[in-house]
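Go ahead and model the full structure; you've got the sequences and the hints to work with.
Residue numbers (the UniProt record's numbering), protein chains in the order written: chain A, 1 to 277; chain B, 1 to 588; chain C, 1 to 324.
Please keep in mind that the hints were generated in silico from the structure rather than gathered at the bench.
Hints are supplied without guarantee of correctness; some may be wrong.
Only pairs whose alpha carbons sit at most 30 Å apart, straight line, appear in this in silico BS3-like list of lysine-lysine [as the list claims (entries may be wrong)]:
1) K210/A x K487/B
2) K487/B x K137/A
3) K163/A x K98/A
Across the chosen pairs, the derived CB separations fall in these ranges [to be verified]:
4) G435/B x L37/C: 12 to 20 Å
5) T349/B x L37/C: 36 to 44 Å
6) V109/B x F97/C: 22 to 30 Å
7) F43/C x G435/B: 32 to 40 Å
8) E44/A x F11/B: 49 to 57 Å
9) G22/C x A307/B: 12 to 20 Å
10) T355/B x G282/C: 22 to 30 Å
11) V377/B x A29/C: 18 to 26 Å
12) F97/C x G38/B: 19 to 27 Å
13) L199/C x A72/B: 50 to 58 Å
14) D164/A x A307/B: 17 to 25 Å
15) G22/C x E172/A: 33 to 41 Å
16) D102/A x I34/C: 31 to 39 Å
Every residue, glycine too, gets a C-beta built ideally from N, C-alpha and C.
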Amino acid sequence: MSNTTSDDSLITTEVQADSNDDRAASAAETAVAARDLNVYYGDERAIDDVTMEIPEKRVTALIGPSGCGKSTFLRCINRMNDMIEICRVDGDVEFGGKNVYDTDVDPVALRRKIGMVFQKPNPFPKSIRDNVAYGLKIQGFDGDVDKRVEESLKGAALWDEVKDQLDSSGLELSGGQQQRLCIARAIAPDPEVILMDEPTSALDPVAASKIEDLIDDLAEQYTVIIVTHNMQQAARISDRTAVFLTGGELVEYDDTAKIFEDPEEQRVEDYITGKFG
Amino acid sequence: MATDNANADGFGEVSRVRGIVFEYLSFGASVFGLVALGVLLVYVAIDAFDLANASPEWLLTYFLTLVVPFLAFCLYSANDRGVTRRALGALGGGLVAVAALFTAVETLVSPIPRLNWQLAYLFVVGAPATAYLAYVGSGGRVGAVGFGLLGRLVGGVAIGLAVGTLFLVFDPLLWFLAYTLGVLPAVGLYAVGRRRSTPRAQTAAAPVGLAGLIAAVVLRDVVSTYPSDLIIYLWTVAVPVAAAGGLLVAGRRGRTAAAVVAGLPLAVATAGGFLAAGAGLPAPTVLLVLVLTGVPTAAYVSRVVDAGEGLAGLGLPLLLGAGVIAGALIVEAWGVPAPDPWLDGSFLTGAPSRTPTDAGLYPAIVGSVIIIALVAVLSFALGVGTSVFLEEYTPESGPLGTLTRILQVNIANLAAVPSVVYGLLGLGLFANLLGLGIGTAVTAALTLSLLILPITIISAQEAIRSVPDDLRRGSDAMGATRWQTTKNVVLPEAMPGVLTGTILALGRAIGETAPLIMIGAATTVFRAPDSLFSRFSAMPMQIYTWAGFPQADFRYGVVAAGVITLLIILVGMNGTAILLRNRAERGS
Amino acid sequence: MTDSTESPDLSRRGGLTRLKEGTYGGLFAACAAITLLTTAAIFVTLLSDAVVFFRSIPIAEFLAGTNWSPNPAGGGQAFGIVPLLIGTITVTVTAAFISIPVGTLTAIYLSEYATPNARSILKPLLEILAGIPTVVYGYFALVYVTPALKATLFPEMSTFNALAASIMVGIMTIPMVSSISEDAMSAVPDELRQAGYGLGATKFEVSTGIVVPASISGIASSYILAVSRAIGETMIVVVAMGAQARMPEVQQALFGIPFVNPADVLLQSGMTITVAMVQITGGDLTGGTLPYNSMFALGLALFAVTLVMNVISDIIAQRYREEY
Numbered sequence: 001m002s003n004t005t006s007d008d009s010l011i012t013t014e015v016q017a018d019s020n021d022d023r024a025a026s027a028a029e030t031a032v033a034a035r036d037l038n039v040y041y042g043d044e045r046a047i048d049d050v051t052m053e054i055p056e057k058r059v060t061a062l063i064g065p066s067g068c069g070k071s072t073f074l075r076c077i078n079r080m081n082d083m084i085e086i087c088r089v090d091g092d093v094e095f096g097g098k099n100v101y102d103t104d105v106d107p108v109a110l111r112r113k114i115g116m117v118f119q120k121p122n123p124f125p126k127s128i129r130d131n132v133a134y135g136l137k138i139q140g141f142d143g144d145v146d147k148r149v150e151e152s153l154k155g156a157a158l159w160d161e162v163k164d165q166l167d168s169s170g171l172e173l174s175g176g177q178q179q180r181l182c183i184a185r186a187i188a189p190d191p192e193v194i195l196m197d198e199p200t201s202a203l204d205p206v207a208a209s210k211i212e213d214l215i216d217d218l219a220e221q222y223t224v225i226i227v228t229h230n231m232q233q234a235a236r237i238s239d240r241t242a243v244f245l246t247g248g249e250l251v252e253y254d255d256t257a258k259i260f261e262d263p264e265e266q267r268v269e270d271y272i273t274g275k276f277g
Numbered sequence: 001m002a003t004d005n006a007n008a009d010g011f012g013e014v015s016r017v018r019g020i021v022f023e024y025l026s027f028g029a030s031v032f033g034l035v036a037l038g039v040l041l042v043y044v045a046i047d048a049f050d051l052a053n054a055s056p057e058w059l060l061t062y063f064l065t066l067v068v069p070f071l072a073f074c075l076y077s078a079n080d081r082g083v084t085r086r087a088l089g090a091l092g093g094g095l096v097a098v099a100a101l102f103t104a105v106e107t108l109v110s111p112i113p114r115l116n117w118q119l120a121y122l123f124v125v126g127a128p129a130t131a132y133l134a135y136v137g138s139g140g141r142v143g144a145v146g147f148g149l150l151g152r153l154v155g156g157v158a159i160g161l162a163v164g165t166l167f168l169v170f171d172p173l174l175w176f177l178a179y180t181l182g183v184l185p186a187v188g189l190y191a192v193g194r195r196r197s198t199p200r201a202q203t204a205a206a207p208v209g210l211a212g213l214i215a216a217v218v219l220r221d222v223v224s225t226y227p228s229d230l231i232i233y234l235w236t237v238a239v240p241v242a243a244a245g246g247l248l249v250a251g252r253r254g255r256t257a258a259a260v261v262a263g264l265p266l267a268v269a270t271a272g273g274f275l276a277a278g279a280g281l282p283a284p285t286v287l288l289v290l291v292l293t294g295v296p297t298a299a300y301v302s303r304v305v306d307a308g309e310g311l312a313g314l315g316l317p318l319l320l321g322a323g324v325i326a327g328a329l330i331v332e333a334w335g336v337p338a339p340d341p342w343l344d345g346s347f348l349t350g351a352p353s354r355t356p357t358d359a360g361l362y363p364a365i366v367g368s369v370i371i372i373a374l375v376a377v378l379s380f381a382l383g384v385g386t387s388v389f390l391e392e393y394t395p396e397s398g399p400l401g402t403l404t405r406i407l408q409v410n411i412a413n414l415a416a417v418p419s420v421v422y423g424l425l426g427l428g429l430f431a432n433l434l435g436l437g438i439g440t441a442v443t444a445a446l447t448l449s450l451l452i453l454p455i456t457i458i459s460a461q462e463a464i465r466s467v468p469d470d471l472r473r474g475s476d477a478m479g480a481t482r483w484q485t486t487k488n489v490v491l492p493e494a495m496p497g498v499l500t501g502t503i504l505a506l507g508r509a510i511g512e513t514a515p516l517i518m519i520g521a522a523t524t525v526f527r528a529p530d531s532l533f534s535r536f537s538a539m540p541m542q543i544y545t546w547a548g549f550p551q552a553d554f555r556y557g558v559v560a561a562g563v564i565t566l567l568i569i570l571v572g573m574n575g576t577a578i579l580l581r582n583r584a585e586r587g588s
Numbered sequence: 001m002t003d004s005t006e007s008p009d010l011s012r013r014g015g016l017t018r019l020k021e022g023t024y025g026g027l028f029a030a031c032a033a034i035t036l037l038t039t040a041a042i043f044v045t046l047l048s049d050a051v052v053f054f055r056s057i058p059i060a061e062f063l064a065g066t067n068w069s070p071n072p073a074g075g076g077q078a079f080g081i082v083p084l085l086i087g088t089i090t091v092t093v094t095a096a097f098i099s100i101p102v103g104t105l106t107a108i109y110l111s112e113y114a115t116p117n118a119r120s121i122l123k124p125l126l127e128i129l130a131g132i133p134t135v136v137y138g139y140f141a142l143v144y145v146t147p148a149l150k151a152t153l154f155p156e157m158s159t160f161n162a163l164a165a166s167i168m169v170g171i172m173t174i175p176m177v178s179s180i181s182e183d184a185m186s187a188v189p190d191e192l193r194q195a196g197y198g199l200g201a202t203k204f205e206v207s208t209g210i211v212v213p214a215s216i217s218g219i220a221s222s223y224i225l226a227v228s229r230a231i232g233e234t235m236i237v238v239v240a241m242g243a244q245a246r247m248p249e250v251q252q253a254l255f256g257i258p259f260v261n262p263a264d265v266l267l268q269s270g271m272t273i274t275v276a277m278v279q280i281t282g283g284d285l286t287g288g289t290l291p292y293n294s295m296f297a298l299g300l301a302l303f304a305v306t307l308v309m310n311v312i313s314d315i316i317a318q319r320y321r322e323e324y
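Written as C-alpha cells, this is what we have:
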C-alpha cells in the first residue's frame, strides 16, 4: 500500500523549503524511553520487544504500515492502552526517568503531563474558551485562565482566527481549525510531551500543511511524538524517525535524513520506496 | 415493484393477486389498532365535552372564529401555494364526502349513536387537517415564532400551577429559610467563582449550601415570625426566576433589554399577586403562574424582536384569544344553544362528589402532581447513577464484567415484572415493614420510582452510549479522572437523551393504577393532601373509582372528563420529551 | 515548563481527590445495587407472606382448588387458584388472537413494504398504543366496547365480560409484538432477500417464505413477551371483566367429549389472578390475615410465571442475535 497521494506531493515541494532539520538530534536529553517493551492484545503481540530513546524538544516520527503497532506504542507512553481491557503491557516506558508502569504511578497524573492529539479532531461540544481551559479546569489551575487560553491559542496559531468568537462552540470551526483547537487544548496545561496520532490524516491538504508548520514550532518548547501514515510528512517535519514493521517490530530508528536517504535495513528501504507496506 | 409489468412477450406473468391482497392486509393490520384507538378517543372526547349536544350553529360559530383563523395563520406561515390548494381541497372535499357518506350509512345501515355528520367531519377531516397544517406552519418563520410563544405561555402556566401545587405539601417557611441561608449563598459563591475564574469559591459553594440547609432545618422551629406567603414566594421564586431570565438576556442583548425582561413580568406578577390576595384568589399561585409565564415569554419576545423575523407570529395567542372571545360573544348574543361540557373549570378545581355535576378532580390532580414530582427526582437520580455506573465505571470483561452482565439481565427482567407485583412490594416493604404508611404519597412515590426505574435506566444507558468515544478519550488524555470525564463531557452530552427517557417513563408512572390500589391509595379523597404522609388519591385512581359508579352521568360524563384530563397531561409530557429530543438532535 | 531532568511527580493523588473519586464511584455503584436489591426485595416480600399462607393452605389445595372466595370477614373461605387461572388464560389467549396476527402483519408491513417515510410515522404512532394508561383501556372496554358488542353481535353479553377486556388487552400488546418482530425482520441480511428475488420469487413469497422463517426466533420471543404482559395486565380486566371467580359449565355433548362453550367464558364476567389480588385490597391491608397473605401467594405465582416467560423469550431472542 502506498501512502503517497498526488495531493501530498504537491505540498511537499511547497513545504520543504522551510523544513530544515537543523536541530541536532544527538545533543538532546532523553524525554521518553522504552526498554524491552512488549504489548499484547489477548494472545496477539502488538509490540515486539522495542527499546528506544526519544530526545527532548525534538519531533520524532513513528512510521510504518497499518497494524504495525506504532499507534499502540504511542498510547503506551501516556497509558491510554489501559482503557483497552484485553491489552497487556510488559517492560518499561520511562518518562523523566520514571517507569510509567510502576505500581505507584497514577495514569491520570501521567496524562496531565503528556498532551495528546487524535486522528479525528475531537473538540468538546463546549465553547472555544472552555475547550482550551478544560485541562486547566480539571487540574484546578489557580492562575489567570483567560491569559493562558490566549497564549495556548496563539501557540496553536488559532488566536487570530477565533479571538472574536471565544464563546461560540468549538464544533462550529472547520476541520483544520478544530484540530488546532485540540492542539491548543493539549498545550494549555503546559505538558512536557505531546503525542500526535496521525493528526492530519482526516484533514484536507491545506489544513494539514498548517498543522505541519505548527508542529515545527511546537518542537521549540515541547517533545513531539507523531504517528503518521504519510512518509513525506515524516520526512518534512521530523528530526528522528522510527520505522515499525508488521508484528510490532522496531526495525530502524535514526535521524530522519539517514532513514530516508540511506537506511541500513533492506526492509526499510523497500517500505520507503513503496515496494511493500 | 418494478417487475410488475414484466410481461414481455414470451415470459408470461406471475400472479400478484395474493401479494397485493397481502400487502393491503398487512397495511390494514398496521393501522387497525390506531383506528380502534382513534374511534374510542373520538367518543371519549365527545362525552367529555358534551359535543353530542352541540348544535350545528355552535360548531359553525367556533369553526369560523377559532379554527378558520388558525388555519389561515398556518397557511400564511407555510406560504406554499401547493399546501394551500391541497388543504382547501381536503377541507372542502372532505365536507362533501363525509356528509354524503355519513348520511348514506345512517339511512342505509343504522343510525350511529352520539355522532352527527358535523362531528364526524370535525374529527375525520378537521382535526387531522389542522394538525397537519400546524405541523407545516410551524416550519415557517412566522409559525415557528407563533408556536414558540404559545408553547412558552402554556408551559409557563403548567409549570406555575405545578410549583404552586408542590407548595401545598412542602413547607414554604422551611423553603424560605433553606433558600435564604443555603441556596442563595451557594449559587452566589458558584457564580462569583465562575466569573472571576477562582475555582476555590466554586468548591466552597457545595459545603456552604449544605451548611445553610442544615441551619434552615434547625432554625425552622426557632424562628417565630415569618413574612407572609406571598412575600416568601416573591423572594424565593419570582425574584430568582426574573433574575435568571434577565441574566440570560443580558448576556445576549445588554442591560436595558435585561431590565425590561426581568422587571416587567416581575412587576406584573407582583401586582397580580396582591390583587388576587385582595380578591380572595390563591395569591401565591397567581404570582407563580404570572412570573413563570411572564419571564420566558418576555425573553422570547425580546429575542424575536431583535431577530426581526416572523414578527407576525407574535400575534398567534392574540388571534386565538380573540377567536374564543368572539365565539363566546356570538353564542351569547344570538342565543345559540351551547353544549355543557363535563370538563370545565369547576371539574378541575372541585372536589369529588356523589352528584355527577358537582364532581371534581382537584384533589386527585394534586396527588398526581406530588407523586410525579417525587418520582421524577428519585428515578432520575437513581437512573442516571445506575446507567453511569454501568456505562462508564465497569469494564466489559473480567469478574466486574460478569457483575455488569448480571445487572443488565436483572434490569431487563425487572422491566417485565407486572406492575401489580410492584404494588405488593410497596405494600409489604414500604407501607408495612418500613412503616411509611398505607396509601401515603411517599409509599406511592417510592413504589412507582422502582417501577419505572428499569425504563429510565435503559433509556439513560442508550443516551450515554451514544456519546462519541472520541470525546471520552480526548478528556482522558487530558488527564481527567473518570468522574471529571463523566461530569464535564459525558453527562452534558447525554443529558437531553436522559431527560427525554425520564419524561417518557414518568408518563408511564402517571397513568399507573394497579400499584396504587395495592398500596391502598384512597379511592376518593375530598381535600387535597397537605403532607407527604397524608392519604391521597391520584388521577387514574379517581378514574377507576368513578368508572365503577352505576350512574350513566358518571360513566359517560365525569369519567370521560377525567380520562381526557389525564390524556392531555400525558400528551403534554410526551410532547415536551419529543421536542427536547428533536432540539438536541438538531443541535448536534 | 518544568525541568525534565528531575523526575516528574506521577504518584497517585492523595486524600481529597481520591476520596472524591471514590465517593462518586461508590454512589453510582450504590444506585446500581438498588436494582439488585429491588429484585431481592420482591422475592423476599412475596415469599415471606406466601410461606405463611401456605402454612394454612397446602400448596396442593391452592393449585387444584376450584373455588376462590377469600371472604375477608372469615368463614367459608376457599383459596383455589383454578378459576383464576381459567380467567387469566381466557384473557391471554383471546388477546393473543388479536395481538399476534395483527402485530406480525404490522411487523411485516413495516419491515418489508412500508416506505421509510411511512415507517417513521407509523412506528411512533404504534408506540402510543402501549403508552395509553391501562385504566383508560379498561374504561373504554366497559363503556364503549361492551355496549357496542352487545348492540351488534352478542345481545346476551353481560356488562362485565372477558371479551371486551381481552380485545383491549390485545390492542395494547400489538406494539410489543410488532416492534420486536420488526427488529428481528430488519436484522435479516439483505442478501437473503436478494437471493429470493434472484430465484424469481415475488415480494410476497420473499416476505413470507424467507424473511419470516429467518427471523422466527425473534418473532417467537416477541409473542412470549406479549403474552407475559397480558398475563400481568391488571387494570383493563379489573375495570371491564368484573370480579366473579367462576368455573365454566362443562357440557357433555359432541361424541361424549366434554367441552366448554367459549361463549360461556367470554361473554360472562370472570376473574383473573390480578383481579383477585386487587379485590382483596378492598379489605384489611395491615397484614396478618389469610386473605392478605393469599395476595402474596398469587403475586408469587404471577411473578414466577412472567419471570420464566421472560427468561425463555430472552434465550430464544439470543439465538437470532447470534445468527447474524
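Checked hints:
1. Between K210/A and K487/B the alpha-carbon distance is near 33 Å, which puts this suggested pair outside the 30 Å criterion.
2. Restraint check: the Cα-Cα separation between K487/B and K137/A comes to about 12 Å, which is no more than 30 Å; the hinted pair holds.
3. For the proposed pair K163/A and K98/A, the alpha carbon gap of about 39 Å is over 30 Å, so the pair is violated.
4. Look at G435/B against L37/C: about 18 Å separates their beta carbons, and that is inside 12 to 20 Å.
5. As the Cβ distance of T349/B to L37/C is approximately 41 Å, the hint placing it in 36 to 44 Å holds.
6. Range check, V109/B to F97/C: Cβ separation about 26 Å, and the 22 to 30 Å hint holds.
7. Between F43/C and G435/B, the C-beta spacing of about 21 Å breaks the proposed range 32 to 40 Å.
8. For E44/A paired with F11/B, a C-beta distance near 55 Å keeps the hint of 49 to 57 Å intact.
9. Between G22/C and A307/B the C-beta distance comes to about 49 Å, which lies outside the given range of 12 to 20 Å.
10. In this structure the hint that T355/B and G282/C lie 22 to 30 Å apart at CB holds, the actual value being about 24 Å.
11. A C-beta distance of roughly 20 Å is found between V377/B and A29/C, which places it inside the suggested range of 18 to 26 Å.
12. Between F97/C and G38/B the beta carbon distance is about 22 Å. The supplied range of 19 to 27 Å therefore holds.
13. A beta carbon spacing of about 56 Å between L199/C and A72/B agrees with the range 50 to 58 Å that was offered as a hint.
14. Roughly 21 Å separates the CB atoms of D164/A and A307/B, a value that falls within the hinted 17 to 25 Å.
15. Distance hint check for G22/C and E172/A: the Cβ-Cβ separation is about 38 Å, which falls inside the suggested range of 33 to 41 Å.
16. In this structure the hint that D102/A and I34/C lie 31 to 39 Å apart at CB holds, the actual value being about 38 Å.
Taken one by one, the earlier hints fail for this structure at numbers 1, 3, 7 and 9, listed in ascending order.
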